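Asker: Chain residues, written in single-letter form:
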Amino acid sequence: MSGNDIREGFFEECEDLLEAISDGFAAMARGQRDSETLNAVFRAVHSIKGGAGAFNLDTLVEFAHKFEGVLDAVRSDQLKVDDVVLRLFHRAGDRLADLVALARDGQIANPADNAALVGELAALIDDDDGAADEAAAAAFVPVTFSLDLFGPADEAGPVRHVIRFTPHRALYTTGNDPALLFQALARLGDLEVSADLSRVPPLSQLEWDDPCIDWTLTLNTEADEAAVRDVFDFVDGLCDLEIVQEGAAPAVFLPPLIEAPPLLVPEIPADDPAPPVAPRLGPVPADPMPEAPAAVQQRATIRVDLERVDRLINLVGELVINQAMLTQSISEVKLPPGNRVEVSLDQLKRLSSEVQERIMAIRAQPVKPLFQRMARIAREAGQAAGKTIYFRTFGDATEVDKTVVERLGDPLTHMIRNAVDHGIESPEKRLTAGKPETGTVVLSAAHRSGRVVIELTDDGAGIDRPKVREIAIRKGLISADKELTDNEIDNLLFLPGFSTKTEVSNLSGRGVGMDVVKSEIQNLGGRVSFGSRPGFGTTVTISLPLTLAVLEGMVVEANGETFILPTTALQETVQADPASIHRIGTDGLFLSIRGGHIPILDLGVCLGLQDRPSDLKGRVLLLLENSSGGRTALAVDRVVDQREVVIKGLEGNYGHVPGIAAATILGDGRIALILDTDELASAMAAEPDPIPQRLAAAGG
Amino acid sequence: MSAVAEPIAVTHREIVSFRVAGQDFCIDIGSVREIRGWTATTVLPHAPDYIRGVMNLRGAVLPVVDLSARLGFGTTEPSERHVVIIVTIGSKTVGMLVDAVSDILSAPTDDFQPTPDVVSDKAKAFVEAVLSVEDRLIRLIELERIMPTSLGIVK
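First to last, the protein sequences are chains V and Z.
Residues 10 to 709 (my numbering) make up the first sequence, in order.
Residues 1039 to 1193 (my numbering) make up the second sequence, in order.
Please keep in mind that the hints were generated in silico from the structure rather than gathered at the bench.
Treat the numbers as computed from the prediction; the structure is a model and nothing was measured.
The beta carbon of each residue, even a glycine, is placed where N, CA and C say it ideally should be.
Among these hints, one or two may not hold up.
Facing chain Z, from chain V, some residues (calculated, C-beta under 10 Å) [unchecked claim]: (1) G78; (2) L328; (3) E570; (4) L616; (5) R621; (6) P622; (7) V649; (8) V655; (9) G668; (10) I669.
Computed cross-link-like contacts, DSBU-like style, restricted to lysine-lysine with a CA-CA straight-line distance of at most 35 Å [what the hints assert, rightly or not]: (11) V:K444 / V:K484; (12) V:K343 / V:K358; (13) Z:K1130 / V:K358; (14) V:K396 / V:K411; (15) V:K411 / Z:K1130; (16) V:K343 / V:K89.
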């Protein structure tokens, strides 16, 4: 393992840890504030700190340390978690995630950026210390005692720690360097290092990989023992460690955050969640770190290079094709019915398609990390808009193709900002409407009939349809006398450049609208739609294919070549009927259907396979809707079949081909190209006046 | 200017030689992945005339270059006797349609001579060096120049 691998491993681990933190806070928000939940968060923050220390990510370490301190105060019941504290924790968690991201990208975090948050966190403990002290004082502790405990302890001056450090072989083989540990110690105070060479054998007997040097370190520091032990956190179990403190009163060793009662009652109850580090003189067991109960959930997972999975997918695709070819050759032999060859072949077919399905599933990932990111977006959007938002998620475990998860981030972010900004009313308005002051936004994911459905629901005011209509008329998107159904009005929001906000808001209005969301979702082979009840809220529904590796398509023929047309864009297929086809100019052909006029494109011409459109007689027209709502009719020779095809990229070995999205391999091993209908349609600039045209079509 | 002019530690170069339009060409054996018989390709729209189309190589989609068309000898009418050499060019894997593969040779590096100036510009652009073997002249193809340079705007 190279240093880089270890570093990468750390950041991968951080993702899991940040997820655990976010999980923990979400559980707390639901009212689950037991010590187990808290400990999980604490451990995660601590592990990030520990790992960051090993890579000298000082800002991250420092921030995590402060955060950990506050969490520790909660653990020791010094601080009560209320909604205000929890919100601050959320923000601290977000900041921690930011710092990790900065560190991963090799950027230097500015410690000053943390200052405000650190201040707020610190204030939390101080305030609460005061409160706790008062409460304690009222109950049974003289106020002066608390001063004894907290005042002098902090100003006790340097303490001498004598550390005896005996590295095991494993410490070296795992790439740790004692010198780095010593440097970290030296940062805590004055350090003296002496090596005990008595165990070093003569050179002739020296085992090159057997450690034989023991170290005695004398550290004068104001830091407590826990801080000293922190330094050795990463080599825990890889060395023998003894820390002895000299020349200070026992009380000094109490970490300042430990509450008073355990001191007064020396017998610590066994189930105390945070056993105080009572006078620890002499050798102590080398487990000073937060206890890691066996209850920690261990997911049995492995990290696999995505390329390996993709190669496997390719190979299995080839296997399925080979099996199809074999089936075809055997059927040509015309064996008697019920023969063993065909029975076995059937089994092979079932097996290979199951193997294919299973391998596709490897690329699937739970939407949870994505949803957690969205929780943050909702929080920040609520804060910026001055609205309190209760964000809930359902179906976190729903699995979607990795690429889908990655590419859903932007559209979802936009939708959530929209929901918070435009959907949820201001607290005053909500109260007048008889709703709770806090707006609720729910993000859910579920598998439904072979697709993944993601829904974003808010309990806001719903779509203001009269207003949407008015704006659409003002912008010339529809004529004033046009009658539209509710659904049609909602769909106006997907038109490019449509925005109901007159002023551009900081959050959602940045010149991009739902049209961008729609095109992003369509690029993923999905569909998006609105549902809304005035006064009760809005639901945006996204329906996505389970995997990007497979696409549902129509197999069509043109110019003797076979093409695949994704069904997501397809609305209907019609036989070319001369009565409904009109000619404008020399080559401008239009299809009149239900009151709409749709331009006809000849696929062969679009792809440059022929110069002039062929006669439409006997051909098939495919009615397509592109992502901006425009419609075109694509003329092809024949529709062969509708089936799922495996997507194969063209860009890797060749490059982008206009009008072509990708390729696939047909059952006979030949390649068919998958059409990019949007590009085909936009390549034809003959659309005279797209908007009225589109609405005329939509109204039909 | 050519690779031959640079000092190379290896004294021999292994090459695969093949015929296109009655002339002998060769490429470095290191870039050859495999050699297959001709199978029908799928036409690639808006592609230059020397791109025959795409083929299926065990699940991967590869473009096939008609080397004869690329070198300016006119397009090939491929038959079952034609051969596709699968080569790696940078990160891309590409098929090259040629008439026949003739030989695998090991030639001393010094035997590769700069391309004579007499040849036409078009062919010279793709020929990196020439090699004389017995009475034959084998032209060393510069693979990097075979594929269209600006794939973003294939016309």
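Asker: Given a cut of 10 Å on the nearest C-beta pair, is the interface hint for L328 (chain V) held or broken against chain Z?
Answerer: With Cβ-Cβ at 9 Å, under 10 Å, it holds.
Asker: Take the shortest C-beta to C-beta distance between V655 (chain V) and chain Z; is it under 10 Å?
Answerer: This interface hint holds because 8 Å falls under the 10 Å limit.
Asker: Within a Cα-Cα threshold of 35 Å, do K343 (chain V) and K358 (chain V) meet the stated pairing?
Answerer: holds, 18 Å
Asker: Quick one, is the I669 (chain V) hint okay against chain Z at 10 Å, beta carbons?
Answerer: Hint holds; I669 (chain V) Cβ to chain Z Cβ min 6 Å, cut 10 Å.
Asker: Should the interface hint for G78 (chain V) be scored as holding, given a Cβ-Cβ cut-off of 10 Å against chain Z?
Answerer: violated, 50 Å
Asker: Hinted pair, alpha-carbon criterion (35 Å max): K343 (chain V), K89 (chain V). Please report holds or violated.
Answerer: violated, 79 Å
Asker: Using 10 Å as the Cβ threshold, decide whether V649 (chain V) counts as touching chain Z.
Answerer: violated, 15 Å
Asker: With a cut-off of 35 Å on the C-alpha distance, tell me whether K396 (chain V) and K411 (chain V) pass.
Answerer: holds, 33 Å
Asker: Are K411 (chain V) and K1130 (chain Z) close enough, with their CA atoms no more than 35 Å apart?
Answerer: Distance ~24 Å between K411 (chain V) and K1130 (chain Z) Cα, so the pair holds.
Asker: Hey, does the G668 (chain V) contact hint survive, CB to chain Z under 10 Å?
Answerer: holds, 6 Å
Asker: Does E570 (chain V) meet its interface restraint, that is, does its C-beta lie within less than 10 Å of any C-beta in chain Z?
Answerer: holds, 6 Å
Asker: Between K444 (chain V) and K484 (chain V), is the straight-line Cα distance small enough, at 35 Å or below?
Answerer: holds, 33 Å
The structure is inconsistent with the numbered hints 1, 5, 6, 7, 16, although it conforms to all the rest.
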